[in-house]
Every structure is written in C-alpha cells, then in structure tokens.
Amino acid sequence: MPTDTALQTPLAVGRYNYDSVDRTFLRERIEEFSDQVARRMSGALTEEEFKPLRLMNGLYLQLHAYMLRIAVPYGTLDARQVRVLARIAREYDRDYGHFTTRQNMQFNWIRLEDTPAILALLAEADMHALQTSGNCIRNITSDEFAGAAADELLDPRVHAEILRQWSTRHPEFTFLPRKFKIAISGSPQDRVVARFHDIGLIAKPGEHGRPVFEVWVGGGLGRTPIVGVRLRDDLPEEDLVAYLEAVLRVYNEYGRRDNIYKARIKILVQALGAEGFLEKVNAEFATMDRTKYRLEPEIVAGIRARFADPDFETLENDPPEFRQARISNPAFDEWVRTNTHPHRIPGYISAVVSCKPAGGIPGDVTSDQIDTLADLSERYSFGELRVSHFQNAVLAHVRQDKLHDLWTALQQADLATANAGFLTDIIACPGLDYCALANARSIPIAQKISSRFANPKLQQEIGELRLNISGCINACGHHHVAHIGILGVDKRGEEAFQITLGGSGEEDASVGQILGPAMSEDHTVDAVARLVDLYLTRREPEERFLDTYRRLGTAVFKEVVYAAA
Amino acid sequence: MPLLEKGHVIADRWQIVTDDAAIPENGPVLVPAPRLSEALGRASKDEVGVILTPDMEVATLRPAIDRLSLIALTFPVFRDGRGFSQARALREHLHFKGDIRATGHILPDQYDMLLRCGVTTVSIADDVDITFWQKAMDRYTVASQPSILDEKSEGHGLRRFMK
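Respectively, the protein sequence lines represent chains A and B.
Here the first sequence is numbered in this note's numbering, starting from 1 and rising by one per residue.
Here the second sequence is numbered in this note's numbering, starting from 1 and rising by one per residue.
Honestly, I wouldn't trust all of these hints.
[As the list claims (entries may be wrong)] Taking lysine-lysine and the DSS-like style, the derived pairs with C-alpha atoms no more than 30 Å apart in a straight line are:
1) B:Lys163 - A:Lys292
2) A:Lys181 - A:Lys204
3) B:Lys6 - A:Lys402
4) A:Lys51 - B:Lys152
5) A:Lys292 - A:Lys448
6) A:Lys292 - B:Lys152
7) A:Lys179 - B:Lys135
8) A:Lys292 - B:Lys45
9) B:Lys97 - A:Lys292
[To be verified] Reference listing, derived: stretches of chain B covered by chain A, where coverage requires no fewer than 3 residues with Cβ under 8 Å from a Cβ of chain A:
10) 17 to 30
11) 77 to 83
Quick caveat, the hints were computed from the structure, so don't treat them as lab data.
Just so it is clear, CB atoms sit at the ideal spot from N, CA and C, and this is done for glycine as well.
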C-alpha cells in the first residue's frame, strides 16, 4: 500500500489523500472565512455581502439555528473522518447528524460562535464545508458503489476528484447565476441521478483504453423538473475539463440573473433549445485554448496515485459460512437480498446500511451510530465509508464470509433495517421542522408512512418502491423522481400534500405526474396505502410499482385515491 | 475613485465620459460602448478605452480590439459574475493585451479571482481599507485549475503555485 511520505501513514482507501499543499490551501481558505466573519462583525461587509460568502462556506441560517453542511467529496470518507463527524454531532449538535441527498452530512443545530472550532476540527481530518452551498459548483457526487459494483465499467472517483479540484475556488465560476451540481457515474446503471443534474457524466472505457464520457446537461428538479439532454456520447478524457469549462462559460454568460427561479442552466437549455445550447458550447469549445485545459494522462495518473486501492484477498464467491448463515437465519437472508449489491471481486459484497429505521427520520444518525459506522468500516471495509444519495451509508468492500458478523453488529446499533429500495427507504428533505423555505413538514409524514409499512413481510411483498418527500416546490426531497412522490404545499394556511406518480431518476428517467388535489397528512398516508393495494391487486409477475403504473396509466390510481375520499 | 493595481493605489489617468457628455479631443478617454467609434475617430489618435456592460458580448469588440488600451468591465452587484467570463474571454479569445479594469460593486474577496481571469486594475470606493485587498491578493499560494495568469503547473494534478 502506498504511503504518505511526509507522515508515513497508509493512504486512505477510495478517496484522494491530501498532502501538505492541500492542507496549506485548506488553512488559507479557513483564514479567509475567519477574516470574512471579522469583517462582517466590524461592518466592513454588509449582511447582503456576507451571506453568499458564508453560504460558500457551507453555513446556512435555517428557521431556528445555523446549519453547517460538511462536504463529503463523491460520498467517500475514511474512519478517522467519520469519527470527527461523530464528535461534531456529540459536542456541537444535539447528538445527531443528517446524511443529505448530495452525499454530504449536515448539522442542523450549530451555534455561529462554534463554527471556527468545528472548521478547525474538520481541517485536522482534511475536511471542510466548502462549496456545499452558494451559487458555485457544488460538491461532486458519485455512485455509492463506485469501484466496487460488478456492473461498473469504470471507477469514476479519480475523475470526480479532478473535477473537485478544478471547481474549487474556480476564478471564473464562483459567482454563477445559480448553484451548479455535477454527478459522475461509471456504470450503465444510473445510481447518481445523472439525468437530473446540471451536468451528469457517465464514464465508460474508450477505444484506446482511456475513458470517454457521456455528458448530460440541463437536467434538474425544483419547480421546473426536466430530464437533461445528452450533449456528448464520447467526450475524450483529455477534453473533460475543457468541455466543462465551455459549458460553464456559456451558462455564466447567458444564464438568467433576473429571477432566481429561472436561473438554473436547465432554463437556459430550454430557452435556447438543446441544439441552440449545443451550438454555443461547441463554438466555445472550438475556439478556446484547449491545450491549456487538456487533461493529460500524467495529470490523471498524478491524482490516481493519491488514491489507495483496497488490498483484496483471493476468495471464492458464496463461501460456505455465508451460505450457511443465510439458510439458518432468514432475517439475515432477507437483509442480504435487500441491502447488498454484487461486488466486482469474488468473495466480496457491498452492504447498504439503512438510516431509515421503522418510524425514524430518514438520514438521521446519532453520534454513537456514526462512531459505530467508523468502527465497522475499519473492521469490515478497509476503513472506508460511503454516503449514498438515498441518505444511507454504504460499506462497499465486505467479505461475504464476514457479512453475518457485520449484520449482527449493525443490528446492535439499530442500523440493520432490511429496506433498501423499499417503500420505507424514504428520501425526505428537512422540511418545515428546520427549513425556512418549506411549506410543510416532511419528517412527520415520513415517520407515519415508515411506521405504517414497517412490517418486513409486507415490504418484501411490495418489492422495490421509491417514495420521496419534499416540503416545498424546491424539491430537495427529490419527489419528482420517486415512484410515489409527496410534495408539501400550503393550502390556505394548512399543511397539505400532493402526490406524484411515475417518476424515476435512473436510466429510464421520468418526471412524476401530479395525481390530483392536495390532501391532509393522514389522508395522504391512507392514499399511499390505497395506491399500494391497487398495485398489489393489479400487478403482473415481476412488475414493480413503477411498471404497473406505467402500464395502467394515471386514471385507475387517481380513482382509487379520490373516489374513496 | 481610487484605482488599484497589484494591490497598490495608482493614479487614474483616464477621463471617463458619461453617456452623452462631449468627448475630449485630447488625452486618454474611457467611453461607453455605443460611443466607441466616435472616440476612435478623434483627430488626436490618443488612447481610447471602452466600458463594457455585463450583457454585451465580448466578440463585438473584435474589430476595434487593436486600437483599445483599456476595457472597463461593469459589476452591477458583486454576485453577478459575468465580468469574470468577459475578462477571461478578452484575454483568451481576443488576445487583448491592454488594461482590463473592473468597476462597480466588487468585494476584496474576489480580487485574486479577478486577477486570475485577466483583470489588471480595480476601481474601488474612496473609503475602503486597502489592506483587505492586499490580503486577498496575497492570501492563496496554491490553486487547482489553469488561469489567464498561466501559473506554472507544478507537482501533481491540476495544481499550480501562485507565487
């Protein structure tokens, strides 16, 4: 295993390892923020001027307190970093943290005066809260099974890191019309919602051994949900940075700045049309100084060298211990079927750690649970933990013959709910319990649905069903891409919920359709039950809820919800 | 208004022509874009600069670029980052070698980014503390993407050192 020559410590697995230069940059960045806070205090900066600067440092002002959103580049952490998150939860928050849909961790009860100490703690573990908010290029997200999935063609994390570095304090793209989100996957199975990002990249091997990229642009959720358009099918690796520069230049120049609801790149792509937008990007790409932005193989190799690979052993798939444990323990077997993903290396498997216990708050984990995840990552997954955009954790490289031990340990920490991909694996935004923008609370209805469908047998019977909840039209809970989406609205001063059906964030990307008028919280939970019953009655073999909905159309689902009301 | 160059205040030798004021016959003049041809037509052939608004395409200056000594960019509010792209495009696409001046609402926190996009001078308010700007200029020793300043790429990845 390569080591950091300065520190003589092994490089962490699965992510870029900082060296002294990266740490110098981080120190300079923290000093900058400290200065900004001091200038705000002295009045040298107005509140209007300070706000975007504070946001680019991950610090939001919510309804009741400050929220600090910690960056987890491409969702990968090492055990030491995970323990720092546990410590922040314990010492500076209310003993818990929250995994976000962009693979970050946010703390909802931060005191402004504690932020310098928290940033210092983070920096000690090569972490920060940079560009997790603000109208800049945000944290780059990736596949939670990157480098592990059997279906993956190319590990996208080295390129995710290249884009992280490129976009960090980018001199031209730090004051964009609006936020800008990039996701990158290396699998034909889209687990990053690529088609709903400002830029979605899908990496695959090219003809000459170097990667090429599909480039999707102008997708998005929010009040204008749109599936992105594919600008390139085969962008060569050496042009990756140049091409993204071209896209961002066009966006920075022409994106609307008069209305924040019309300022995302998706609106520009729609206004110019896919062809018109592509024409502008191509014109920029053709005339720019491409040599300057060329991603030479040495640059990629240099970044790759700062990643460590897991030291896999030569093992057999489906070892006797694993098989025996599945036979003798049906609950374990069920968890294996729902919460694991096939690994590219024989004898290994990826495990999804559900942060969605029955009746729980989606994505919330206590400081003790976070510490447990750090311990388990060291014991079972080369000291590496991932955050998934479904607000769960992932241990990507577990030996199959140790999986039962891991599951037993997860059970003791209340982290072994067998519901990945099921109805209770709910994505939910923080909603009106925290967020100043929300119209309705997302958490209580998520908890009610989670409790109502808690029965594992019932969930197994229903099978894959994505249910997401947003507390307002900004759609942070990704309701548009859920099979059943729930949107909180304000109905004459009362919280109410609208249902959408038929969304998908995967390769078969689609935006959910509104079913009908909004209902109260309890009626909405009942409506979900009726939708599920209809599906169970009408489905054909092998059909998921989404397939049945697509086959039958909206009318029957609408009838079952509203005829009974 | 004071003018900042490389962190120091310098004298502004340019006469700024507002919308419909007469253009002086002699000396360097900075004029709004619609009056550029008028300024270039002066008998004196003294230096001419032009004020670009954020909604203007940089390419419109191409025919006149060799006769311009100064291009002033406008920031209506510091959050409006179009000027960063305009500066970079003036250098990268039009190969403009003269002075690029940033004017309007700009924060010291943006100074090093402006420089890296090709801006050379910044027009600042009379009452600002210059030390904030100097600090901002000197703060960072490392960056991780190419820029107009062509900082030498060193070490691994996209890294370049700024000093």
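A quick look at each hint next to the structure:
no.: 1; hint: B:Lys163 - A:Lys292; verdict: holds, 19 Å
no.: 2; hint: A:Lys181 - A:Lys204; verdict: holds, 21 Å
no.: 3; hint: B:Lys6 - A:Lys402; verdict: violated, 61 Å
no.: 4; hint: A:Lys51 - B:Lys152; verdict: violated, 34 Å
no.: 5; hint: A:Lys292 - A:Lys448; verdict: violated, 55 Å
no.: 6; hint: A:Lys292 - B:Lys152; verdict: holds, 11 Å
no.: 7; hint: A:Lys179 - B:Lys135; verdict: holds, 27 Å
no.: 8; hint: A:Lys292 - B:Lys45; verdict: violated, 36 Å
no.: 9; hint: B:Lys97 - A:Lys292; verdict: holds, 18 Å
no.: 10; hint: 17 to 30; verdict: violated (count 0)
no.: 11; hint: 77 to 83; verdict: holds (count 5)
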